[in-house]
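*Asks:* Residues per chain, in single letters:
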Amino acid sequence: MGIAELHRIRVQPLVSGPQCSERLGHRLLTRAARLGATTARELFRESAGRQTVRALAALLAVAGVLFGQPGKHPNYDDDVKPIFARYCFACHNAGEMRSGLNLEAYSGVLKGGGSGDAVIPGRAASSLLFKAISHEDGAPQMPLGNPKIPDAAIAAIRDWIAGGVLENANSMPKGPVAPSLEFKPTSLNKPAGAAAMPESLPPFTLDEPARAHPITALAASPWAPLVAVAGHERIYLYRIDQRVPAGELAFPEGIPYVLRFSRDGSTLLAAGGHSVQSGKVVLFDVRTGKRLGVFGDERDVVLAADISADGKLVALGGPAKIVKIISVADGKELYQIKKHTDWITALEFSPDGARLATGDRSGGIFLWEATSGGSAGNLADHKDSITSLSWRGDSQLLASGSEDGQIIVWSVADGFPVATIAKAHTPKPGPQAYGVIPGGVLSLQFTSEGRIVSVGRDSTVRVWSADGKAQGASPAAGALLTKVASSTDGKSVIAGDYQGRIMVCGGASALTCSPPVLPATRPATASR
Amino acid sequence: MKLGLSCLLLALSLFAAKDPPPRVIGPVAPPTFRLDVEPVLFRAGCNSGGCHGAAAGKDGFHLGLFGYDPAGDYYRLTQQIVGRRIDLASPKESLLLLKATGMVPHSGGRRFKPDSEYYKTILRWIEAGAPDDPPNLPQVTGIALSPDKVVFSGKDTRRALQVIAHYSDGSERTVNQLALYLTNNKTTADIDDQGNVTAGKRGDTFVFARFAKFTTGAEIIVLPPGKFNWPKVASNNYIDELVYAKLKNLRILPSTLANDEEFLRRAYLDVIGLTPTADEYESFMKDHSRDKRARLIDQLLERDEFADLWATRWAEALKVRSDNNSAFGTDRKAAYEYYQWIREQVKRDVPLDQFVKAQIASAGSNLQNPPVNLYTMLPQGQYDPKAVAQDVAQLFTGVRVQCAQCHNHPFDRWTQDDYYGFVSFFTGVKRKQASEEREFYVYDDPNAPPAKHLLDGRPVPARFLGGDAPDVKGKDPRGALADWLTSKDNALFRQNLANRIWAAFFGRGIIEPVDDVRISNPPSNRELLEELGRRLASYDFDTRRLIRDICNSRTYQLAVATNPTNRDDDSQFSHARLRRLRADVLLDSIAEVTDTPSNFNETPNGFRAVQLFEGGHRANNYFLKTFGLCPRDSVNASDTRLEPTLAQTLHLLNGDTIEGKLAKSTVVSGMLKAGRNPDAILDELFIRTLSRKPSESEKKRLIPLVAANPNDRKAYDDVLWALLNSTEFAFNH
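Taken in order, these protein sequences are the chains called A and B.
Using this note's numbering, you'd call the opening residue of the first sequence number 1 and step up by one each time.
Using this note's numbering, you'd call the opening residue of the second sequence number 529 and step up by one each time.
It should be emphasised that the hints constitute simulated quantities derived from the structure, not laboratory data.
A hint or two may mislead.
Said to hold, decoys possible - List time: in silico DSS-like cross-link candidates among lysine-lysine, alpha-carbon distance up to 30 Å:
#1 B/Lys1221 / A/Lys148
#2 A/Lys148 / B/Lys1242
#3 B/Lys958 / B/Lys980
#4 B/Lys958 / A/Lys148
#5 B/Lys1221 / B/Lys1242
#6 B/Lys960 / A/Lys148
#7 A/Lys131 / B/Lys586
#8 B/Lys755 / A/Lys321
#9 B/Lys980 / A/Lys148
#10 B/Lys1242 / A/Lys321
#11 A/Lys131 / B/Lys1001
#12 B/Lys820 / B/Lys1221
#13 B/Lys960 / B/Lys1016
#14 A/Lys148 / A/Lys190
#15 A/Lys423 / B/Lys980
#16 A/Lys321 / A/Lys339
#17 A/Lys428 / B/Lys980
#18 A/Lys131 / B/Lys980
#19 B/Lys958 / A/Lys81
#20 B/Lys980 / A/Lys383
#21 B/Lys958 / A/Lys339
#22 A/Lys423 / B/Lys586
#23 A/Lys383 / B/Lys914
#24 A/Lys131 / B/Lys960
#25 B/Lys1003 / A/Lys338
#26 B/Lys1003 / A/Lys383
#27 B/Lys914 / A/Lys81
#28 B/Lys958 / A/Lys131
#29 B/Lys914 / A/Lys148
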């Protein structure tokens, strides 16, 4: 049964006494949507004294137009209850209440059962009810002993939870209130003078390896047409405006797994090392290529690192499962984060310098006060390794990419997802392919314009709006695309591939990409 | 458990990491991933169950157990964490090589040296860019051991075996350096990591080589030094000839023939589960005709107690048990109907193929058509086609396919394709509770989709184990399965049933355990097993007829006492084995000896333990539990426990079973009342319990005890108590 069908069979509830105020609320809400949030106060005056409406007005002031379409999400009475009646009431009815759960009444659903909350408004993927009906591993497989309920019904319940667990067509959504998705590019952290470009790099003598290393790190300067690309014991610099190599920096510490420009574009952070031997973080002056400092003395490669917006802090993490925050000035370790239970695979300071986001190989993401290390939240919805974390320029939204195939855009204020993009990079299965095909998201970045660019195991560059709408995609590349970065003007996307090459993509919904090139200045040598 | 142990042994014995001599182990460059790199990971133990082959991997790195998932392994090595495990720019710095050679900390230590061929193979592959294989790559189609049989006699104690792999393009390759080895008996023959066999103590065993998804074995016979003459030994039938042929090869002499008393007791306990009465003893001993043993066997086979015993054996295997849960069809009534049906089949001598077929292909009401209960009793709850398929395979072919659910069977030929193909016979089975609550319907939905392959989710259509895929479109596939399974041509079926019957009379199968048939657990006498299977099929699966052959063989009638040549023999049937009586048979025998019928819950007085349809679960009998009555919660043959425990001895000594029965017994008082003399009373007590008269020395010591007070039953009770507590009573010999 599709959603459309569900809507067709929906029965309008009778309007009766207790529902009147909600009906009114609904009308007000639609009007609010039309008129915009500024009229909320007028509306409030119009119906002063009604508690429901007061709460509503308060909500509207924040929510703006976002919740102006109450018919959009399924609700309990019309859409969800018929599904429950068909598949769940046999056990979870008011009389039997198997496992303490009564799905026959809206209040029973909210109350949950013996295993705790059945639904968490706004968060379908974290709700036990959704896990159970979608037969997620480790969750009770409902309906017990029977086949899965139809996909359309599962989707309806997912949308219902995501839409705020509406009781009926006139209800207000529960759960978090999304922040504005409006974003204007900011000039925060913009350097006073000209953006840094390489001017006088030290001489570079290392031979090119016979076979290029897959691109393990890639970064674009936030203010200059410059990208840094990881190579074997080196960093390639490349001008994207002229599409020419712009020099190389030696990285004898090993393979760079992280490349990051400072927020003002003057410093390049490179981190990596030799697997199971050593890990370091190195800061380079972009103009001169001089080493500004070397941090960390790890026993395995550094897989995640960043430099804070003010340039005072370096954070690093890796297989040791510990995040270390180091003062750039004196190289002293300021504090450690030991909350993660698996390898640290991604981290990033917020552009305003207030927060640090860290992610691990099990899918855990935590937020911290950047200067003190105080806990600032836990973003738990991913089920596999976090491969990438990126803040939007206003520090309001954080995007996370994971091997579980999801891109999630988080509202940092309350820790709830604004958008969840499932199967963001699942390759098209071949004619004889069955089962789970790796579809992980390998890398993503918020662009300066507030969009998201990503690459993943479908070898495709994709562009998304902050609320999760697909806005563009490239043709599938010949090799696995491992890393992505967005140019300073937000117009080009740079992607690195498994064979050590980069390509520059641009355009509207159908991205076109340049042929992949090696970013090296010299040809490869035959010697090994 | 057993598997885990053998995995451990394997890991311990094979990887003392001796380096192979420098020798090309693969085709000239570049090496392929599946044919060259994967075998190195296999040989080095990387993908063993205790290491990265574990379901969850190890330290974040997972490989398919023993290489069953090469595509996944390729992905995990090259792309799961881009750049980490393989270094294309600097191949020698690849973590894979650094870890395997112990150059960086590795929980698994050093698996091979940098100068080994293993290292070079992987290095050359990475240098070539760690390419994936072309789709038309040849596959390993089988392996062979050469020679496949070695007899050590005299001074030679070492022999090199060659492992030859055959490929789908017709090529061959010696893979001694890439195979894994194991032996079934280290003391008789050990095998090193190059395939060299070293002879040990005399005996007969198998060594195995494993490569790709194949396992193959070679028989190793180690003969004692010195001369050996095979004397003329009488042979009763084909069984004796086949047993002797093997014994002759092994230079083992069979024991002497058991005497009449020993044979009498053995046959009674084995065939009908009771000790002979005093009258039965007297009449057999008085009979002097030459064919009296054969006639006794015929008589016993016709008795109802034979049906009781075999019905119970089947009911144990088929998990006939009730938790009174009508929602799952395991109502008491269902269990009772099922048991009665089974007993009726045995009693009426219904051929085993029909007996099995009726259950496998059954449909309808479980009360109207009791064999339907195969689909209620095996699951004992929710229906899972995988669990039922596993149980059916184990019950009727002895093959344990369950390993292949998650990975290809490591010690056998079964692959995941075999497994899911077999499961697909049962995916259409649907069950439904009837309006009469205790009744349950089982039917097939011919449109149900087949089982999905675990690895890639591909549907695997129904396919016989090691056989073809029948056309079951729109039909109940279980019909085709039942036909294939019970066909006379199906060696798996006929040999497994023959082996199960054999084991009931020898306390050990020719393949032991009877329900663990695999390449690495070969029969101790292949020719014998094959012939028994053929005979069973040619007798139209008549159980009694095969039992008649077995019991009439001299092999069955051999004495327990050994000679110097067969003292160590435990698998070639050169002497009778001491076997503790089953819990129910022991209790029934105590009841019979003391003439005090047992009293179980919910059954009339005089019911024997063997007749309890749920095996005494509802009887809640401490004695039966302590002596290891089958709990019927799995199809494992070893669930009927026969090993002695302290609790058993203590219960016989101090518990209320023997004391209670002695207190109620009128056996001694009856004989006293009848005025029998002490001599005669002692004789009868011995005959009742041990089926023999007391020896002169026993009598000499017992007479004074009872003669002091000739009319006091207490002294006789003490004698009877001592006899019931003797191991001679608790064992069949």
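*Asks:* Are the hints correct? Go through all of them and say.
*Replies:* Hint-by-hint comparison with the structure:
| no. | hint | result |
| --- | --- | --- |
| 1 | B/Lys1221 / A/Lys148 | 70 Å, violated |
| 2 | A/Lys148 / B/Lys1242 | 71 Å, violated |
| 3 | B/Lys958 / B/Lys980 | 18 Å, holds |
| 4 | B/Lys958 / A/Lys148 | 16 Å, holds |
| 5 | B/Lys1221 / B/Lys1242 | 21 Å, holds |
| 6 | B/Lys960 / A/Lys148 | 18 Å, holds |
| 7 | A/Lys131 / B/Lys586 | 27 Å, holds |
| 8 | B/Lys755 / A/Lys321 | 70 Å, violated |
| 9 | B/Lys980 / A/Lys148 | 15 Å, holds |
| 10 | B/Lys1242 / A/Lys321 | 77 Å, violated |
| 11 | A/Lys131 / B/Lys1001 | 35 Å, violated |
| 12 | B/Lys820 / B/Lys1221 | 20 Å, holds |
| 13 | B/Lys960 / B/Lys1016 | 34 Å, violated |
| 14 | A/Lys148 / A/Lys190 | 53 Å, violated |
| 15 | A/Lys423 / B/Lys980 | 22 Å, holds |
| 16 | A/Lys321 / A/Lys339 | 8 Å, holds |
| 17 | A/Lys428 / B/Lys980 | 20 Å, holds |
| 18 | A/Lys131 / B/Lys980 | 22 Å, holds |
| 19 | B/Lys958 / A/Lys81 | 28 Å, holds |
| 20 | B/Lys980 / A/Lys383 | 24 Å, holds |
| 21 | B/Lys958 / A/Lys339 | 48 Å, violated |
| 22 | A/Lys423 / B/Lys586 | 27 Å, holds |
| 23 | A/Lys383 / B/Lys914 | 28 Å, holds |
| 24 | A/Lys131 / B/Lys960 | 27 Å, holds |
| 25 | B/Lys1003 / A/Lys338 | 60 Å, violated |
| 26 | B/Lys1003 / A/Lys383 | 42 Å, violated |
| 27 | B/Lys914 / A/Lys81 | 34 Å, violated |
| 28 | B/Lys958 / A/Lys131 | 26 Å, holds |
| 29 | B/Lys914 / A/Lys148 | 18 Å, holds |
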